[in-house]
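Going down the list, the protein sequences come from chains C and F. The first sequence begins at 1 in the numbering used here and counts up one residue at a time. The second sequence begins at 1 in the numbering used here and counts up one residue at a time.
Hints are computed from structural coordinates only; laboratory data are not their basis. Mixed in with the good hints, there may be bad ones.
Said to hold, decoys possible - Part of the chain C face toward chain F, derived, beta carbon under 8 Å: (1) D114; (2) V117; (3) D119; (4) A120; (5) V126; (6) S220.
Quick reminder that beta carbons are idealized off the backbone N, C-alpha and C, glycines included.
Single-letter residue listing:
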Amino acid sequence: MQTSGNGLPFSEYLSQNRDEIILHTEQHAQLSLYCILIAMVLGLLIAVAVYRSPLGTNFTISTAAVIFTLPSVALFGFLVSVVGYGLASVFPVVVAYAMLPIVRNSIVGLQSADPAVLDAARGMGVGSFRMLWQIRFPIAWPVILAGVRVAAQLTVGIVAIAAFVTPVGLGDYGYSSLDNLGSVNTRSQALICIIFVAVVALAFDAVFVVIRRFTTPRGSRV
Amino acid sequence: MSESSAQQNKPEQGGPATRSDQGGKAGVPIVLTDLTKRYPGQPKAAVDKVSMHIPAGEIVVFVGPSGCGKTTTMRMINRMIEPTSGTIEIGGEDVTKLNDVHLRRRIGYVIQQIGLIPHLSIAQNVALVPKLLKWDKKRVTARVDEMLTVVGLDPEQYRHRYPRQLSGGQQQRVGVARALAADPEIMLMDEPFGAVDPITRSRLQDEFLSLQQTLKKTIVFVTHDFDEALKLGDRIAVLREGSEIAQFDTPEAILANPADDFVEGFIGEGAALKRLNFERVDSLALDPAPEQSRGSVDVSTTLHAALDLMVGKGLRSITVDRDGRPVGSISIDAILNRVNATGADAVEA
Chain C
1 MQTSGNGLPF SEYLSQNRDE IILHTEQHAQ LSLYCILIAM VLGLLIAVAV YRSPLGTNFT
61 ISTAAVIFTL PSVALFGFLV SVVGYGLASV FPVVVAYAML PIVRNSIVGL QSADPAVLDA
121 ARGMGVGSFR MLWQIRFPIA WPVILAGVRV AAQLTVGIVA IAAFVTPVGL GDYGYSSLDN
181 LGSVNTRSQA LICIIFVAVV ALAFDAVFVV IRRFTTPRGS RV
Chain F
1 MSESSAQQNK PEQGGPATRS DQGGKAGVPI VLTDLTKRYP GQPKAAVDKV SMHIPAGEIV
61 VFVGPSGCGK TTTMRMINRM IEPTSGTIEI GGEDVTKLND VHLRRRIGYV IQQIGLIPHL
121 SIAQNVALVP KLLKWDKKRV TARVDEMLTV VGLDPEQYRH RYPRQLSGGQ QQRVGVARAL
181 AADPEIMLMD EPFGAVDPIT RSRLQDEFLS LQQTLKKTIV FVTHDFDEAL KLGDRIAVLR
241 EGSEIAQFDT PEAILANPAD DFVEGFIGEG AALKRLNFER VDSLALDPAP EQSRGSVDVS
301 TTLHAALDLM VGKGLRSITV DRDGRPVGSI SIDAILNRVN ATGADAVEA
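Go ahead and model the full structure; you've got the sequences and the hints to work with.
Structure representation (structure tokens):
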């Protein structure tokens, strides 16, 4: 099928839809950002709650891993059947996927402090809240951040799939290219989805490089 | 044995208010009474009714085989381990009922693995307890510099470094500075020099001793190395299983008069020679100085070093100098007689 020949050239399609593409890219980045932030807060809270118990740790990481293996399209479908179309069925799914790397890295990070450091600190009168906040957390931070970074990449990808549920973000182009398979601009739409999702992902990654550079304590830099 | 008092020119017994030369707080006594730690599910107590008086301003070394409960006993003093029963009095105050976190800020704590906080600079590590005690910023900064200087690290050079940029010996100096920063009356030290090489260890021990001469803290020091105990301890508590005190006495007394086979076994070989380390040349009556000297020692030299020199040079007697001028001599026989005399003490007792 020679479809694209009849449609606009890619560059032409780009310039004609410029504003809409920018809007969708912004939506995509914003939605991803919110999901990452929610996942980060939730993941850290869960990690803080369970890192001291081996049973809790195992249970949490296994659960997150199981969720991670579920097919996202099915999960979106399930949520739509419960809460209907819209953002309400997007957030829970995307956040759930982002949890695994964040929770796992946070737990591992919080557990990674050298027992001698903890013993010395406790012996000098550092209380348990301070121990977590001023000693365990800064030591764990680079590991936690690495987890969030992986989660961010995942999130940007899964937000694209969320377009099945609500016409927000770059996934909309992918969705309509599938929907109108064989029509004139299918290929351009698919390309836009692919290229701009990659751009958003790379932008997030760059942001994380900067965050890591400025928030890693000097003593922890390797 | 009266010679054991050779070391007792140590501290005047300082009460809580006593200040040492540096203007810091001198040590207070620690009294343990029937201190016991029992872990659930274990038939024997890890520490079984230990009672001990640790005099103010002294270094008391707990020495014993692994698993004898010496570290457990030490860690009960700052309640890192909660005692099952018994009391701990520090400077006359029963601390078993105090808030444990606040109690620990008053007690210096040094461990073998040092445990410097990796993401904090050397200055921030030393400032840890003063900050917990909410000292104002200026005072903290001044104190950090003072403490780094005291342990022989130039503040200019080391203040802003991070722990992993320092050698093991330097890290332990910071560990000691950190423990002393808030000027505690007592210090707990768990094999602090155990993880460094022998040369560094010996130097750290010497510096620690001279530091203690001015600070006069009450120090509980745990080690399994009896020679370290001899070198550092004003008193040594030899502990066996369950932290039972096999003998608690001055190093000289333990060497001269071990309580039983267990203590003797722990002293190891060469007790007589080790004993000579505790006596100076001028503790003997000197013979007249010879006309010609083939070897000389200062009056402050230990008998051990003097004997070593004589054996090494094949001399039967050696000149004794004071301020570089000969004041007499000692013979190998005089030293042997001294060993015999103190040894006889031991047999009689």
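Going down the list of hints, with the structure as the test:
The beta carbon of C:D114 is positioned within 8 Å of a beta carbon in chain F (closest approach about 7 Å), and the interface hint is therefore held. Contact between C:V117 and chain F, as hinted, is supported at the beta carbon level, the nearest pair being about 5 Å apart and thus within 8 Å. Evaluation of the C:D119 hint against chain F yields a held restraint, the C-beta minimum of about 6 Å falling below 8 Å. This hint holds: C:A120 has a C-beta 3 Å from the nearest C-beta of chain F, less than the 8 Å allowed.
Annotation: C:V126 was flagged as interfacial toward chain F, and the flag holds, the nearest CB pair being 7 Å apart, inside 8 Å. The criterion of a C-beta within 8 Å of any C-beta in chain F is met by C:S220, whose closest approach is roughly 5 Å, and the hint holds.
Comparing the model with each earlier hint shows no violations; every hint is respected.
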